[in-house]
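S.K.: Protein sequences, first through last, are from chains A and B.
Every letter in the first sequence is one number past the one before it in this note's numbering, and letter 54, counting from 1, is 54.
Every letter in the second sequence is one number past the one before it in this note's numbering, and letter 55, counting from 1, is 55.
Heads up, a few of these hints could be off.
[Said to hold, decoys possible] Distance condition first, Cα-Cα at most 30 Å in a straight line; then the derived DSS-like pairs of lysine-lysine:
| id | chain 1 | residue 1 | chain 2 | residue 2 |
| --- | --- | --- | --- | --- |
| 1 | A | Lys80 | B | Lys213 |
| 2 | A | Lys75 | A | Lys88 |
| 3 | A | Lys80 | A | Lys2 |
| 4 | B | Lys170 | B | Lys205 |
| 5 | A | Lys2 | B | Lys8 |
| 6 | B | Lys9 | A | Lys2 |
| 7 | B | Lys263 | B | Lys212 |
| 8 | B | Lys212 | B | Lys237 |
| 9 | B | Lys9 | A | Lys75 |
| 10 | B | Lys156 | A | Lys88 |
| 11 | B | Lys8 | A | Lys88 |
| 12 | B | Lys223 | B | Lys212 |
| 13 | B | Lys237 | B | Lys189 |
| 14 | B | Lys156 | B | Lys280 |
| 15 | A | Lys15 | A | Lys2 |
| 16 | A | Lys47 | A | Lys88 |
| 17 | B | Lys212 | B | Lys163 |
| 18 | B | Lys170 | B | Lys237 |
| 19 | B | Lys188 | B | Lys213 |
| 20 | B | Lys280 | B | Lys237 |
| 21 | A | Lys80 | B | Lys189 |
| 22 | B | Lys213 | B | Lys223 |
| 23 | A | Lys79 | B | Lys9 |
| 24 | B | Lys237 | B | Lys213 |
[What the hints assert, rightly or not] Residues of chain B clear of chain A, computed beta-carbon distances all greater than 12 Å:
| id | residue |
| --- | --- |
| 25 | Lys31 |
| 26 | Ala33 |
| 27 | Asp35 |
| 28 | Thr83 |
| 29 | Glu118 |
| 30 | Asp139 |
| 31 | Gln167 |
| 32 | Asn184 |
| 33 | Asp191 |
| 34 | Asp208 |
| 35 | Pro274 |
| 36 | Arg288 |
Source of the hints: derived by calculation from the structure; they are not laboratory data.
Where a beta carbon is used, it is the ideal one built from N, C-alpha and C, also for glycine.
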Amino acid sequence: MKIGAIAGITFKEAKRDRVLYLLFFFAALGIGGARALAILTVGDRVKIIKDVGLASISLFGVLMAILIGTGLVYKEIDKKTIFTLLSKPLHRAEFILGKFLGLVLTLFVMTLFMSLIFLAIVYAHTLKVEGALLVAVGYIFLELVLVTAVAILFSSFSTPILSSLFALAFYLIGHLSWGLELILKKMAPGTGKSLVRFLYTVLPDLENFNFRTEVVHGLPIPPGIYLSSFLYGVCYTAFILGLAVLVFRRRDFI
Amino acid sequence: MTKTSSAKKGATTLLLIAFLMGTAAAFMALKGATDRVAREKLPGSSIIYIPSGKFLKYATFGYRAVAADAIYLWAIQYYSTPTIDDRFDHLDHIFAIINELDPRYQDPYEVGALIAVEEARNPAAAFSILDRGATNNPDQWVYPFNAGHVALMTLKDYPLAEKYFDQCMKIPGAPEFVERLRANAIFKKGDLQTSWETWLDIYKKAPDERTKKIASNHLYNVKATIDAAAVEDAAAKYRERFGRLPADLETLRRTGFLREVPKDMDGEDYLYDPATGTVKTVTSPWRR
Chain A
1 MKIGAIAGIT FKEAKRDRVL YLLFFFAALG IGGARALAIL TVGDRVKIIK
51 DVGLASISLF GVLMAILIGT GLVYKEIDKK TIFTLLSKPL HRAEFILGKF
101 LGLVLTLFVM TLFMSLIFLA IVYAHTLKVE GALLVAVGYI FLELVLVTAV
151 AILFSSFSTP ILSSLFALAF YLIGHLSWGL ELILKKMAPG TGKSLVRFLY
201 TVLPDLENFN FRTEVVHGLP IPPGIYLSSF LYGVCYTAFI LGLAVLVFRR
251 RDFI
Chain B
1 MTKTSSAKKG ATTLLLIAFL MGTAAAFMAL KGATDRVARE KLPGSSIIYI
51 PSGKFLKYAT FGYRAVAADA IYLWAIQYYS TPTIDDRFDH LDHIFAIINE
101 LDPRYQDPYE VGALIAVEEA RNPAAAFSIL DRGATNNPDQ WVYPFNAGHV
151 ALMTLKDYPL AEKYFDQCMK IPGAPEFVER LRANAIFKKG DLQTSWETWL
201 DIYKKAPDER TKKIASNHLY NVKATIDAAA VEDAAAKYRE RFGRLPADLE
251 TLRRTGFLRE VPKDMDGEDY LYDPATGTVK TVTSPWRR
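Bound-form chain A, shown alone (with noise of 0.2 Å):
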């Protein structure tokens, strides 16, 4: 209930948010240039429209969820209004889930929003609704979530510019920690190789949530990898926000 109430009031601060509404402005600009880009090849548009399209919906989730999520906890602190939330019966853990889902309703409508331009964009061109399309930015949706919780948890100790960097590293890293692979499967046995897997295990692996190239060309997805790949993402993002409210109920703000 509490976390409710705090997730309600996470949601209308950040609905106020002028910066929410300019990301919002430029992610529909770039799904609508995708139009003006697709003019420009030789052959499939609508691969152009799509890939420009879910990758607009991608990045302008992620500028949302870093650059209001890191805000969240510390401004929070910064007016001092924690210590008027903290004197109340209200757990250190409930304020930083309200906030965490308080934020990922805001991105579940801002998705919403995209995907319908999107879809539509798309629906004009193909003149059928796609529901592929869907499960793309379904998981795309749920990369926007882990984010969340790192940019909160990145907030929960830090200032907004730095959890900022912070985040926008774990976003490269997560989309880049499969070139750990490659370097695995060239390494000799040993504690090199030891020390790799370790960090290729334990580093974020945003690919697992990234259809988009087998959504976009028509390729099989195995049914295997939804539920591996949501419960990952589940998992993950549990960890991060346990983290969060570890390093959370440690803060002495006096």
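Since chain A is already given, all that's left is putting chain B on it; use the hints.
M.R.: Same frame as chain A, now just chain B:
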């Protein structure tokens, strides 16, 4: 803080740590499980979206050379990973990007061409990379030289090899042996007259005894090839008229099919095989 609340806080922390360990173990196990699911890939999909170097160089904010280094390092890893079946599909495109970002960076031209020939079995890509190297570095003889070598040894395209060696020789600093390679390409092309003239020129201009000896051996070989062709032609005509091959070369001269019995450059007789109508030298041209 009371003892009870302190104990409660400690228990909650322990619970939280246990939760963290549980979720960490879960996501690590799930990562392994997800990795094991084979996902379908488009040919070359991992690199298909890499833009052209012309556009990329504006996005490097002045760090063009570093970007070239990074892509080159990545390319080496990428092309030495045999599990990527379609890794050679965009080989020329990838090296074109590196070349565009840093046109004076020499290694990518040579290594790219090597990968194209030896790994990708795609001489056309090798020529494209080496031609780019020659255009961007007109003072470097090594690119037309390497291209000539690929044409001569891999493609067996002797006119193309001659063209590249000719281009190489015109660049100051090109080693003198390139002229010998060019002469060899002309010989293999079948232009025996030009080959003779080229080797003779090399012989006359030879700066040392070793080069003179090499040229001499080739001249010996060119003459033997010309003579062998004349003899074999005469033997074929003899068979046309008499229904059998001549017993020896003297018979060919006596019957007017040869003006005279040819001798090799050392004045030795050729060895004639009456069963096949062919001749060969007594000694190998390379062991004189």
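S.K.: Hints first: check each against the structure and report whether it holds.
M.R.: These are the hints, each one checked on the structure:
1. Lys80(A) <-> Lys213(B): violated, 94 Å
2. Lys75(A) <-> Lys88(A): holds, 18 Å
3. Lys80(A) <-> Lys2(A): Distance ~20 Å between lysine 80(A) and lysine 2(A) Cα, so the pair holds.
4. Lys170(B) <-> Lys205(B): holds, 17 Å
5. Lys2(A) <-> Lys8(B): Given that 30 Å is the threshold and the Cα spacing comes to 21 Å, the pair holds.
6. Lys9(B) <-> Lys2(A): Holds: lysine 9(B) and lysine 2(A) sit about 20 Å apart, inside 30 Å.
7. Lys263(B) <-> Lys212(B): Judged against 30 Å, a Cα distance of about 21 Å means the pair holds.
8. Lys212(B) <-> Lys237(B): violated, 37 Å
9. Lys9(B) <-> Lys75(A): holds, 26 Å
10. Lys156(B) <-> Lys88(A): violated, 86 Å
11. Lys8(B) <-> Lys88(A): holds, 18 Å
12. Lys223(B) <-> Lys212(B): Satisfied, since the Cα-Cα distance of roughly 16 Å is no more than 30 Å.
13. Lys237(B) <-> Lys189(B): Since the Cα atoms of lysine 237(B) and lysine 189(B) sit roughly 25 Å apart, the hinted pair holds (cutoff 30 Å).
14. Lys156(B) <-> Lys280(B): Holds, because 24 Å separates the two Cα atoms, which is no more than 30 Å.
15. Lys15(A) <-> Lys2(A): Since the Cα atoms of lysine 15(A) and lysine 2(A) sit roughly 20 Å apart, the hinted pair holds (cutoff 30 Å).
16. Lys47(A) <-> Lys88(A): Distance ~53 Å between lysine 47(A) and lysine 88(A) Cα, so the pair is violated.
17. Lys212(B) <-> Lys163(B): holds, 24 Å
18. Lys170(B) <-> Lys237(B): violated, 44 Å
19. Lys188(B) <-> Lys213(B): Given pair lysine 188(B), lysine 213(B) holds - Cα atoms ~20 Å apart, limit 30 Å.
20. Lys280(B) <-> Lys237(B): holds, 19 Å
21. Lys80(A) <-> Lys189(B): violated, 88 Å
22. Lys213(B) <-> Lys223(B): Given pair lysine 213(B), lysine 223(B) holds - Cα atoms ~15 Å apart, limit 30 Å.
23. Lys79(A) <-> Lys9(B): Cα-Cα ~27 Å, so holds.
24. Lys237(B) <-> Lys213(B): Violated, at roughly 36 Å.
25. Lys31: Lysine 31(B) not clear of chain A: closest Cβ-Cβ about 6 Å, inside 12 Å.
26. Ala33: For alanine 33(B), whose nearest Cβ neighbour in chain A is about 5 Å away, the distance does not exceed 12 Å, so it is violated.
27. Asp35: violated, 8 Å
28. Thr83: violated, 7 Å
29. Glu118: holds, 19 Å
30. Asp139: holds, 36 Å
31. Gln167: Non-interface label on glutamine 167(B) holds, nearest chain A Cβ at 35 Å vs cutoff 12 Å.
32. Asn184: holds, 40 Å
33. Asp191: holds, 44 Å
34. Asp208: holds, 46 Å
35. Pro274: holds, 62 Å
36. Arg288: holds, 50 Å
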